[in-house]
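Colleague: Spelled out, the chains give:
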Amino acid sequence: MPMDQAFLGRSFPFAEPYEVGIEKIRQFAEAIGDDNLLYHDRVAAQHAGHPSVVAPPTFAIQVIARAQDAVMFDPALGLDFSRVVHLDQRFEHLRAIYAGDVLSCVVTVESIKVLAGNDVLTVRTDVTDIENAPVCSAWGTLVSRAAAS
Amino acid sequence: MGNSRFPGRSVMIAFESVPVGTALPSLNLTVDRAQLVRYAGASGDFNPIHFNQRIAEAVGLPNVIAHGMLTMALSARIVTGWIGDPSAVRDLSVRFTRPVIVPDDDHGAALEISAVVGAVDAQARTARVDITAKFEGQTVLGKARCVVQLS
Numbered sequence: 001m002p003m004d005q006a007f008l009g010r011s012f013p014f015a016e017p018y019e020v021g022i023e024k025i026r027q028f029a030e031a032i033g034d035d036n037l038l039y040h041d042r043v044a045a046q047h048a049g050h051p052s053v054v055a056p057p058t059f060a061i062q063v064i065a066r067a068q069d070a071v072m073f074d075p076a077l078g079l080d081f082s083r084v085v086h087l088d089q090r091f092e093h094l095r096a097i098y099a100g101d102v103l104s105c106v107v108t109v110e111s112i113k114v115l116a117g118n119d120v121l122t123v124r125t126d127v128t129d130i131e132n133a134p135v136c137s138a139w140g141t142l143v144s145r146a147a148a149s
Numbered sequence: 150m151g152n153s154r155f156p157g158r159s160v161m162i163a164f165e166s167v168p169v170g171t172a173l174p175s176l177n178l179t180v181d182r183a184q185l186v187r188y189a190g191a192s193g194d195f196n197p198i199h200f201n202q203r204i205a206e207a208v209g210l211p212n213v214i215a216h217g218m219l220t221m222a223l224s225a226r227i228v229t230g231w232i233g234d235p236s237a238v239r240d241l242s243v244r245f246t247r248p249v250i251v252p253d254d255d256h257g258a259a260l261e262i263s264a265v266v267g268a269v270d271a272q273a274r275t276a277r278v279d280i281t282a283k284f285e286g287q288t289v290l291g292k293a294r295c296v297v298q299l300s
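In order, the protein sequence lines correspond to chains L and X. If you're matching positions, the first sequence starts at 1 in my numbering and goes up one per residue. If you're matching positions, the second sequence starts at 150 in my numbering and goes up one per residue.
Please keep in mind that the hints were generated in silico from the structure rather than gathered at the bench. Check each hint, because a few of them may be wrong.
So the derived list for chain X, only partly shown, Cβ under 7 angstroms to chain L, looks like this [said to hold, decoys possible]: (1) Val-186; (2) Arg-187; (3) Ala-222; (4) Arg-226; (5) Pro-235; (6) Arg-239; (7) Leu-241; (8) Arg-244; (9) Thr-246.
To spell it out: a stretch of chain X is covered by chain L in this simulated footprint if at least three of its residues, at any positions, have a beta carbon under 8 angstroms from a beta carbon of chain L; those stretches are [unchecked claim]: (10) 189-200; (11) 210-220.
Virtual Cβ for every residue (Gly too), placed ideally from N, Cα, C.
So that you can see chain L by itself, here it is in the shape it has in the complex:
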């Protein structure tokens, strides 16, 4: 079943803001094996000029995941998730994410294509802070491989 082209260009605000916890940043940094003090030690981060501990650059996937899922898992879109692989990912940081941030997401469907029988979906997610200032934009492309015939 092809994906619904009516989703193309539409933006989906995600209702629930993401509150960035200091322990979540530490847990994420541990999971990627990175002991950089700026990820773990609030005092060290503040000494370096930051408001609190800094999130690793790919931590934004945490922030955007539920907002993206709400769009990509929408049955009306018609993406077959059982066959999905992640093709590419990009983060553009307008500033770093910090513990204590309260972030909101808007997901926009940028591209819906069929390439060699595979469904290819690109979504952009714009992240803003509590003052509505931009923090990060992320682009992710998913491919739902055509069923073997």
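With chain L fixed as given, assemble chain X onto it according to the hints.
Modeller: Same frame as chain L, now just chain X:
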């Protein structure tokens, strides 16, 4: 600091000291099953192909594979470790071209990460670092690039 969107931070590497072609210190990392479990918990990505061999094989994979986002995060460490302050990362992008297969043994999968400055922007005082991540001698990421703010 030239760019008002990015208030001054303690980035110690001067733009002038990083010409195109500069190689970053390489990074050798190992990904084992325990790390996949940790990353699943930290990221909330509980797709069973990252911890369940039976399900990985059922969808046509040779074995459990690392999360693409974990491979991306590990590859970015070559840049953040070099620059010291991860808030200097402006743009990070990768294409996932080959899975990293993580065996159920005491060693895990070895990742060899290298990087070189591929371009610089004198006006913005940024450098584009081109990252290569290899597993079993083959690249696992395509067009892996990281733009960092220098001082």
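Colleague: So, for every hint listed, does it hold in this structure?
Modeller: Outcome of the hint check:
1. Val-186: violated, 9 angstroms
2. Arg-187: holds, 4 angstroms
3. Ala-222: Constraint on Ala-222 of chain X satisfied, holds at 4 angstroms.
4. Arg-226: Holds, about 6 angstroms.
5. Pro-235: holds, 5 angstroms
6. Arg-239: Where the cut-off is 7 angstroms and the nearest Cβ of chain L is about 6 angstroms from Arg-239 of chain X, the hint holds.
7. Leu-241: Result: holds, 5 angstroms to nearest chain L Cβ.
8. Arg-244: Result: holds, 4 angstroms to nearest chain L Cβ.
9. Thr-246: violated, 9 angstroms
10. 189-200: Three-residue rule met by the segment 189-200 of chain X, so holds; n is 5.
11. 210-220: With 3 residues close enough to chain L, the hint holds.
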